[in-house]
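*Asks:* Turn these sequences into a full structure, and let the hints steer you where they fit.
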Amino acid sequence: MRAGTRDFPLPGFADPGSDSQRIFRSVLDAVAHPGRIVSIEAPADLPSGPLGRAAIGTALALLDFETPVWLDEAARPAFSHLRFHCNCPEAETRDSAAFAFIGDPARLPALDGFALGLDPYPDRSTTLVIEVADLARGGRLSLSGPGIENRNQLGVAGFRAGFWSERAALAPLFPRGLDLILTCGDLLAAVPRTTRIEE
Amino acid sequence: MLDSSASSATVLRPGWMGLLAQAAPEDLEAHWQSLAPQPGYTLLRPAETGLVMVRGRISGSGAPFNLGEMTMTRCAVRMAEGPVGFGHVAGRNRRHAELAAIFDALLQDRHRHDGLQDSLIAGLVRARDAARSADRAEIAATRVDFFTLARGE
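Protein sequences, first through last, are from chains A and B. Residues 1 to 199 in the working numbering are what the first sequence lists, from first letter to last. Residues 1 to 153 in the working numbering are what the second sequence lists, from first letter to last.
These are computed hints drawn from the structure, not numbers from a lab. Cβ atoms here follow ideal geometry from the backbone N, Cα and C, with glycine treated the same way. Treat the hints with care, since some could be wrong.
[Said to hold, decoys possible] A few chain B residues facing chain A, derived, Cβ under 10 Å:
| # | residue |
| --- | --- |
| 1 | Thr42 |
| 2 | Leu43 |
| 3 | Arg45 |
| 4 | Pro46 |
| 5 | Glu48 |
| 6 | Ala76 |
| 7 | Leu116 |
[Claimed, not checked] Between beta-carbon pairs, the in silico distance windows are:
| # | chain 1 | residue 1 | chain 2 | residue 2 | range |
| --- | --- | --- | --- | --- | --- |
| 8 | B | Met70 | A | Glu41 | 31 to 39 Å |
| 9 | A | Leu118 | B | Gly60 | 36 to 44 Å |
| 10 | A | Ser165 | B | Arg92 | 51 to 59 Å |
| 11 | A | Glu41 | B | Asp114 | 40 to 48 Å |
| 12 | B | Asp114 | A | Gly113 | 51 to 59 Å |
| 13 | A | Pro89 | B | Thr10 | 34 to 42 Å |
| 14 | A | Tyr121 | B | Gly40 | 43 to 51 Å |
| 15 | B | Ala122 | A | Phe65 | 36 to 44 Å |
| 16 | B | Ala140 | A | Pro89 | 47 to 55 Å |
| 17 | A | Pro16 | B | Met53 | 17 to 25 Å |
| 18 | A | Ala32 | B | Arg132 | 58 to 66 Å |
| 19 | A | Glu41 | B | Thr49 | 36 to 44 Å |
| 20 | A | Glu73 | B | Asp114 | 39 to 47 Å |
*Replies:* Right, dumping it as structure tokens:
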């Protein structure tokens, strides 16, 4: 952290081609198996703010000039870094963002303020990348649904109260909905819109 | 675009970025090797080659149109002392883009600025002006003036 100084861009991937492909593969693996915790090895420098290696690596791998990005107050210092390496525009409102980066899940704004997609184009929804305090040792979550053979467990810590029921309330809108990527330091797990969660 | 044809004037940043991009890479390399001690730097964006769309303006309305794509190599560095430099050069010479970025950063450092203006940029301006006048002389030699003889009436 260099509080009080200008946020200079920092070096990104050492080898952009293979680094971003490897991270893309890891994220794909996580989304295909909701609740599976994957490790992201991204040799990128980390900008100041709470976002860890997995969140920044995911950003550098997935963002480009066609993906407007929204960052909450805590994650904001990372924007100049993402802008420099990905050339991504900043979303003016949450519902126009292709990706949202959340550094402080305890103060996550209402979920229905993000883009939920349209019935003919459910892909036009916001993918939330949320830096949580823990993925394994927090409140127990039991996951089931497509991509999960029986049940998967996650122990996510750091969300505000009522978050998971708010997410469950979006389920009837399917195929519209929100896909979540939960990151914690070097670790990442995905909770796509099809996954059912019991607390 | 800044007019830097008067070699006595100090060249501003858009001007020196253009001069560095058009300079002979071996001249920049020689100048870099002559720096002692060589300043440290980190690559923010290692040199990478891609395509850029070159756009022009239609005369008259001034509407933009796409002239065509060209190969370009770009690089961004940050010197240990702080300034960030960018190099964009035509073609695929990665070292040229890196050197252009390094000198762009060094020229922003006020302790080095004046020295580099004298030792490097002034020479690049002279080289470019010489190349331009050589081109002009070559073209002028083949110049044909068309004229029409008055007919009839």
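*Asks:* Against each hint, give a clear statement of whether it holds in the structure.
*Replies:* Evaluated hints:
1. Thr42: It holds, given that the least Cβ distance between Thr42(B) and chain A is near 6 Å, below 10 Å.
2. Leu43: holds (6 Å)
3. Arg45: At about 7 Å, which falls below the 10 Å cut-off, the nearest Cβ of chain A leaves the hint on Arg45(B) intact, so it holds.
4. Pro46: Holds, about 8 Å.
5. Glu48: Holds, because the Cβ-Cβ distance from Glu48(B) to chain A comes to roughly 7 Å (cut-off 10 Å).
6. Ala76: Given a least distance of 8 Å, the restraint on Ala76(B) holds.
7. Leu116: violated (22 Å)
8. Met70(B) - Glu41(A): 31 to 39 Å: holds (36 Å)
9. Leu118(A) - Gly60(B): 36 to 44 Å: holds (42 Å)
10. Ser165(A) - Arg92(B): 51 to 59 Å: holds (56 Å)
11. Glu41(A) - Asp114(B): 40 to 48 Å: holds (45 Å)
12. Asp114(B) - Gly113(A): 51 to 59 Å: The hint (51 to 59 Å, Cβ to Cβ) holds, given that Asp114(B) and Gly113(A) are roughly 54 Å apart.
13. Pro89(A) - Thr10(B): 34 to 42 Å: The hint (34 to 42 Å, Cβ to Cβ) holds, given that Pro89(A) and Thr10(B) are roughly 36 Å apart.
14. Tyr121(A) - Gly40(B): 43 to 51 Å: Holds, since Tyr121(A) and Gly40(B) (Cβ atoms, about 49 Å apart) stay within the stated range.
15. Ala122(B) - Phe65(A): 36 to 44 Å: holds (38 Å)
16. Ala140(B) - Pro89(A): 47 to 55 Å: About 49 Å separates the Cβ atoms of Ala140(B) and Pro89(A), which means 47 to 55 Å holds.
17. Pro16(A) - Met53(B): 17 to 25 Å: holds (21 Å)
18. Ala32(A) - Arg132(B): 58 to 66 Å: Hint holds: Cβ distance 60 Å, inside 58 to 66 Å.
19. Glu41(A) - Thr49(B): 36 to 44 Å: For Thr49(B) against Glu41(A), whose Cβ atoms are near 26 Å apart, the range 36 to 44 Å is violated.
20. Glu73(A) - Asp114(B): 39 to 47 Å: holds (43 Å)
Hints 7 and 19 from the earlier list are contradicted by this structure; the remaining hints agree with it.
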